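Colleague: Listed here are the chains, written in short residue letters.
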Amino acid sequence: MDAKGALKHYALVGLGFALMVAALYMVFIYVPTDKNTGAVQRIFYFHVPLAWIGFLAFFVVFVCSILYLTKRDVRWDTIASASAEVGVVFTSLVLITGSVWAKAAWGIWWTWDARLTATLVLWFTYVAYLLVRHYVTEDSQRARLSAVLGIVGFIDVPVVALAVMLWRTQHPGAIIFEGGLVPSMLFTLIVCIVAFTVLYFVLVAQSTRLKNMEADIRNIKDIRMD
Amino acid sequence: MENSGYLFAAYTIIWAVVFGYVFFLYYKQRKLRRQMGLLEDSIGKRQNRNGSEASTESNHGE
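Order-wise, the sequence lines are chains R and W. The first sequence maps to residues 1 to 226 in the numbering used here. The second sequence maps to residues 1001 to 1062 in the numbering used here.
These aren't lab readings, by the way, just hints derived from the structure by calculation. Be aware that one or more of the hints could be misleading.
Computed from the model, here is a short list of chain R residues facing chain W with C-beta under 8 Å [claimed, not checked]:
no.	residue
1	K35
2	G38
3	A39
4	R42
5	F46
6	V48
7	L95
8	V100
9	A104
10	I108
11	I175
12	I217
Each computed PhoX-like pair below joins lysine-lysine, with the alpha-carbon atoms no more than 20 Å apart [claimed, not checked]:
no.	chain 1	residue 1	chain 2	residue 2
13	W	K1031	R	K211
14	R	K221	W	K1028
15	W	K1045	R	K211
16	W	K1031	R	K221
17	R	K35	R	K103
18	W	K1028	R	K211
19	R	K221	R	K211
Label-pair distances were calculated between CB atoms; the ranges are [claimed, not checked]:
no.	chain 1	residue 1	chain 2	residue 2	range
20	R	G5	W	G1037	17 to 27 Å
21	R	I108	W	D1041	27 to 37 Å
22	R	I108	W	L1039	49 to 59 Å
Quantities reported herein were computed from a predicted structural model and do not represent experimental measurements. All residues carry an ideal CB built from backbone N, CA and C; glycine is no exception.
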């Protein structure tokens, strides 16, 4: 990384850190406790941003996969792979935090509700994407196969997003868009979303950098073996 | 606060997983830097050896 790149990286990390501290302050001190569900409702302020950033991550995989298949430029494949990795981490957290919330609110850890099931399918799809990347050793074949999976897998994202409108679900509806949040709750949620978006970009940038470094080492080794 | 145990559990898991992933990236970076360093060393040694062989050959030629 050159000096300018390093400065940008540290600026983004600093911004992410400051936003995350602000988000935590707002979640635990600033925002009022929900009258109906109590303290456990505060899980919502991180659960929703994690889900949205998961969608963003898989959207980036979708776009980069299309770009890879049309341009055959390996840079798009690298970004798609980094984004899928972060997306799987965030979606895992969505499933776990949702489950903890469900236990407190509904008394059960899991139910085969449309949104929960669609999210689990989404998680399995992108875990499969990462497994394809891990087990297929030939570079162009791996990139091509994972790009196809990255495009096809994205079909589930709108299903997850619209599940609460399409089917009668136990999962809470679109309270954000229906104006179900008081301004302080909405503001807190927005700060959390911005904080997680910055975190997403920091992690994807770092993961992409490492994948490029890995490819460089592989290329040097191949040249030496020749 | 009612249900605060669940709240604590959720936030603990979030930060444990996020830090776990950051640590995984850090560990990978350290491993790759070490590999890169070893490769650079071996390339440097090979170049030095080739250079000294070339200069020996040219000395013999003279």
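Colleague: Could you tell me which of the numbered hints above are not met by this structure, giving the numbers in increasing order?
Modeller: 1, 6, 7, 10, 11, 15, 21
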